[in-house]
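Using the hints provided, position chain B relative to the given structure of chain A.
2 protein chains.
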Amino acid sequence: MKLFEPVHINAMRLENRIVLPAMVTRLSGEDGLVNQDIIDRYVRLAKGEPGLIVIEAMAIHGAKSGQLLRLSEDRFIDGHRELLRRMRAAGPSKVVPQIIHFLKLSKSGWRQKPMDLGREEIRLIVRQYGEAAGRARRTGYDGVELHMAHAYTVSSFLSRRNLREDEYGGSLENRMRLMSEILIEVRRVVGADFPMGVRFDGEECITDGYGLDDSAEMALRMAKLGADWVSISAGGKFEDAVHKPGQAIYPYTGYSGDRCMPPRGYQDGYNAYLGTGIKAHLNRHGHSTPVITTGKIRTAEMAERLLATGQADLIGMARTLLADPDWPKKVRAGREDRVVRCISINVCKALDENFKKVRCYLWPRGSLHAPESADVTAPAWPESGSALRVFEEPKGHVRLSWSAARDPEGLYGYWVERSADGGPWEIVSAVRADMHTTFQDSTAVAGVAYRYRVRAYDLAGNKSPASNVVETALALPVLSERA
Amino acid sequence: MKLFEPVHINAMRLENRIVLPAMVTRLSGEDGLVNQDIIDRYVRLAKGEPGLIVIEAMAIHGAKSGQLLRLSEDRFIDGHRELLRRMRAAGPSKVVPQIIHFLKLSKSGWRQKPMDLGREEIRLIVRQYGEAAGRARRTGYDGVELHMAHAYTVSSFLSRRNLREDEYGGSLENRMRLMSEILIEVRRVVGADFPMGVRFDGEECITDGYGLDDSAEMALRMAKLGADWVSISAGGKFEDAVHKPGQAIYPYTGYSGDRCMPPRGYQDGYNAYLGTGIKAHLNRHGHSTPVITTGKIRTAEMAERLLATGQADLIGMARTLLADPDWPKKVRAGREDRVVRCISINVCKALDENFKKVRCYLWPRGSLHAPESADVTAPAWPESGSALRVFEEPKGHVRLSWSAARDPEGLYGYWVERSADGGPWEIVSAVRADMHTTFQDSTAVAGVAYRYRVRAYDLAGNKSPASNVVETALALPVLSERA
Chain A
31 MKLFEPVHIN
41 AMRLENRIVL
51 PAMVTRLSGE
61 DGLVNQDIID
71 RYVRLAKGEP
81 GLIVIEAMAI
91 HGAKSGQLLR
101 LSEDRFIDGH
111 RELLRRMRAA
121 GPSKVVPQII
131 HFLKLSKSGW
141 RQKPMDLGRE
151 EIRLIVRQYG
161 EAAGRARRTG
171 YDGVELHMAH
181 AYTVSSFLSR
191 RNLREDEYGG
201 SLENRMRLMS
211 EILIEVRRVV
221 GADFPMGVRF
231 DGEECITDGY
241 GLDDSAEMAL
251 RMAKLGADWV
261 SISAGGKFED
271 AVHKPGQAIY
281 PYTGYSGDRC
291 MPPRGYQDGY
301 NAYLGTGIKA
311 HLNRHGHSTP
321 VITTGKIRTA
331 EMAERLLATG
341 QADLIGMART
351 LLADPDWPKK
361 VRAGREDRVV
371 RCISINVCKA
381 LDENFKKVRC
391 YLWPRGSLHA
401 PESADVTAPA
411 WPESGSALRV
421 FEEPKGHVRL
431 SWSAARDPEG
441 LYGYWVERSA
451 DGGPWEIVSA
461 VRADMHTTFQ
471 DSTAVAGVAY
481 RYRVRAYDLA
491 GNKSPASNVV
501 ETALALPVLS
511 ERA
Chain B
31 MKLFEPVHIN
41 AMRLENRIVL
51 PAMVTRLSGE
61 DGLVNQDIID
71 RYVRLAKGEP
81 GLIVIEAMAI
91 HGAKSGQLLR
101 LSEDRFIDGH
111 RELLRRMRAA
121 GPSKVVPQII
131 HFLKLSKSGW
141 RQKPMDLGRE
151 EIRLIVRQYG
161 EAAGRARRTG
171 YDGVELHMAH
181 AYTVSSFLSR
191 RNLREDEYGG
201 SLENRMRLMS
211 EILIEVRRVV
221 GADFPMGVRF
231 DGEECITDGY
241 GLDDSAEMAL
251 RMAKLGADWV
261 SISAGGKFED
271 AVHKPGQAIY
281 PYTGYSGDRC
291 MPPRGYQDGY
301 NAYLGTGIKA
311 HLNRHGHSTP
321 VITTGKIRTA
331 EMAERLLATG
341 QADLIGMART
351 LLADPDWPKK
361 VRAGREDRVV
371 RCISINVCKA
381 LDENFKKVRC
391 YLWPRGSLHA
401 PESADVTAPA
411 WPESGSALRV
421 FEEPKGHVRL
431 SWSAARDPEG
441 LYGYWVERSA
451 DGGPWEIVSA
461 VRADMHTTFQ
471 DSTAVAGVAY
481 RYRVRAYDLA
491 GNKSPASNVV
501 ETALALPVLS
511 ERA
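Residue numbers (my numbering), protein chains in the order written: chain A, 31 to 513; chain B, 31 to 513.
These are calculated hints, taken from the structure and not from any lab test.
Errors might be hidden in some of the hints.
Because identical chains share one entry, a pair is satisfied inside a single copy or across any pair of copies.
Taking lysine-lysine pairs in the DSS-like style, the calculated list, with each CA pair at most 25 Å apart, reads [stated by the list, open to error]: (1) 359 with 386; (2) 359 with 94; (3) 493 with 274; (4) 274 with 143; (5) 274 with 359; (6) 32 with 94; (7) 493 with 77; (8) 254 with 359.
Okay, chain A solo, but in the shape it has when bound:
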């Protein structure tokens, strides 16, 4: 598989094409220091052996924030060295920090915008990016990723909603000026051989926001100024976010937030067209800068197809690797069937939104990290069988219930699988074993013949045999009385 072919990016050799993009954990304190929770989280992720791990965004400046790592002063370096040392011991992943600048937010809903900044403040941001990147190099990180996506400073300058009238706004060229100055400065500080990438939005997904026409030019500019990769996100903007009274506005609450982390109901690989378009534009202009494509990529089949068709160079998976850090190892071993697959219900996002430690809903109750287990015994149904039963509810739902399975080590969950009109079995949802032996399917529709079955899985990914199969077929509606 192309997914497991090594790739060189400047001085880095990645063992495979799987990237963990930066993902907020809220595991650090407000002091911005690396702590044990942070180390444990990233060591666990490193054990899964993705090619590249991008450590969550860390501030380049001292502005007040919630739980957020920092690289804004030299005193933060020691903690990062320890984190890196532990991660290197856990696996071969290359590790880079993502560095971020953000503008001021008030709980009143006010937020600072590009047009509020003076020239001196802009120059300071450029310098701070350079300094933080220099610290990344001195720490021993393999490279650095510049955060230019979502609701944050550089993205707000890149935005079509940037209302500045001087040379930092108006035309596309001027909107790109801050981004360009930062790239030049960072490269000047870190030197030619230090891998430097950029994460930015392929599309803003807001009214009057920018789309692929602009983002393709932005990527080209990044390539020309020496970016070693571009990692494509989408949305995550303040402009359509919902302000809750008394709270700092959270930029993933509008449609642009949905597009940043596509929830259930949206197709897998929703944002892949952005990487495709950007890569084509780069290539047309003679650049082969690697493109990292992200956005609800769940399966090896989709990842491989994006690589094989030249639509992407690397595949970013955030929630997918949060749900199961061992995705890379399991897929490489031909055991994708053991992957604990993200079900996109975005509990992780809700935790972030509420300033709580980010974990995956599917993990066992109380765990702060994905489980690990070397167990080889699969769960089993009770002697009386799986007893899967189906109920059609008057509200248009299909309800399933089954007997609890058993596992010597402890159950982890159940996969609910569905086949529609004789089609292939597909995972509809995971159900946590510590919570339910029932499931309500509110996406089943009348006139389609469904079959359901359930499998229990344990912490190591061992699966029980399939339950008995149940069938349901709701009759198509008729007019209950002559209208």
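Showing chain B alone in chain A's frame:
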């Protein structure tokens, strides 16, 4: 070309695969009657010979509205007969009306929602759809299209934001109940042989809205209940619309409005993936109901590719045919170079938003309809030449100016063409000849070598030779001082 292969849809034979989707004109009065402006507009469109013309949404009920056609009582039928008679004399297009139900809106910003409706009101809506469809048949129309898209009643029931807790909300099945009842009732009224299609959203493009997973099931339900086509739109919702004080809320002012009529900056064919996904789902379940794909489709190459790859059965073009109703005839004759191409600046949408008569910005000043001309003489540059000049402006724009061309019949406009880094010439914009001989390009970026040229065109689409070519290449930014 597949685009010009005839296709049978129930009792209709369409001469080609080009569809004019329903498009608000605001040409009717508040009396809801067909008037001369309406007749002139649709006769002009019919002269271009698209396979199918869908007449703009007309009300099935008597609720107050702005300028809107109606089919809510028999007294409206005569006007539609006259419209149809005139259109049939103008060309071979098949003609169907789109019929709509909408909920109440107040200028205070209040709007009626699905949960405000009682059972009797729902039953009335179903009956009114049936009655209006019956009138469409009695008028002599070739079929009828049911409006189930955007911010209107049926779409609001289909929405994931439908909060009803009875059998008309909650599950996907229940959200589809009103839609299903209407399809059953309309088919009962019009009979099996009368073409009946549906226009609906492939994706809502709002927070917590539905995506392709749901819309694919909706299309399948429509197919099962005898829909003869599904026409796929996107967005256009109230949920993210901007309320201007003192005005009824206009549902195309948010991001979902951008997605409904993608403006500049978004790639051509933005929404085509929705038709692709829906068609694949229909086919998987054994249905071959034709899918009409829409959304910024501008070129014959893209239209043909969507058909040839089986991603669409018919191609809908609204703004494209507004800008130049003769697109089908010109393309069929191998003269796509004569097409007056929509430049997606959405002046048409702004006119609709402000309750003004909808026209294309590119049309000659004062015209209420696209021009017609049999002129064969191309515009010419003055003897002194085209004198195209380029200026690089400090604000990051590139500015062009040129000499006015001349045409015996009267000039229509100029095409500004650009080639980037030696790539193909592409149309950047049209400039109206009655307004400017200048153009400001705010999408040109530094570090790319651009060439520009200009051509004048007249009302018949005749083009002048290309102007002289000018070149520009802005230097990449450097840090003006050590940051």
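(request) Have a look at residue 493 and residue 77 and pick one of within, between, both or neither, based on CA distance no larger than 25 Å. (result) within (22 Å within a copy, 65 Å between copies)
(message) As a check of your reading, is residue 32 near residue 94 (CA-CA no more than 25 Å) within one copy, between copies, both or neither?
(response) Neither. Shortest intra-copy (43 Å) and inter-copy (61 Å) distances fail the 25 Å Cα cut-off.
(request) State whether the alpha carbon distance between residue 274 and residue 359 is at most 25 Å within one copy, between copies, both, or neither. (result) Close neither inside one copy (41 Å) nor across copies (54 Å); limit 25 Å.
(request) Up to 25 Å between alpha-carbons, please classify residue 493 paired with residue 274: within, between, both or neither. (result) For residue 493 and residue 274, the Cα distance exceeds 25 Å both inside one copy (43 Å) and across copies (57 Å).
(request) Can you give me the call for residue 359 and residue 386, within, between, both or neither, at a CA distance of at most 25 Å? (result) neither (29 Å within a copy, 61 Å between copies)
(message) Reference check for the pair residue 274 and residue 143, CA-CA at most 25 Å: within, between, both, or neither?
(response) both (19 Å within a copy, 23 Å between copies)
(message) For residue 359 and residue 94, with the copy left unspecified, which applies at a CA distance of at most 25 Å: within, between, both, or neither?
(response) This pair counts as neither: shortest intra-copy Cα distance 39 Å, inter-copy 63 Å.
(message) With identical chains, the pair residue 254 and residue 359 could be close in the same copy or across copies; at 25 Å between alpha carbons, which is it: within, between, both, or neither?
(response) neither (35 Å within a copy, 44 Å between copies)
This entry does not satisfy hints 1, 2, 3, 5, 6 and 8, going by the numbered hints stated previously.
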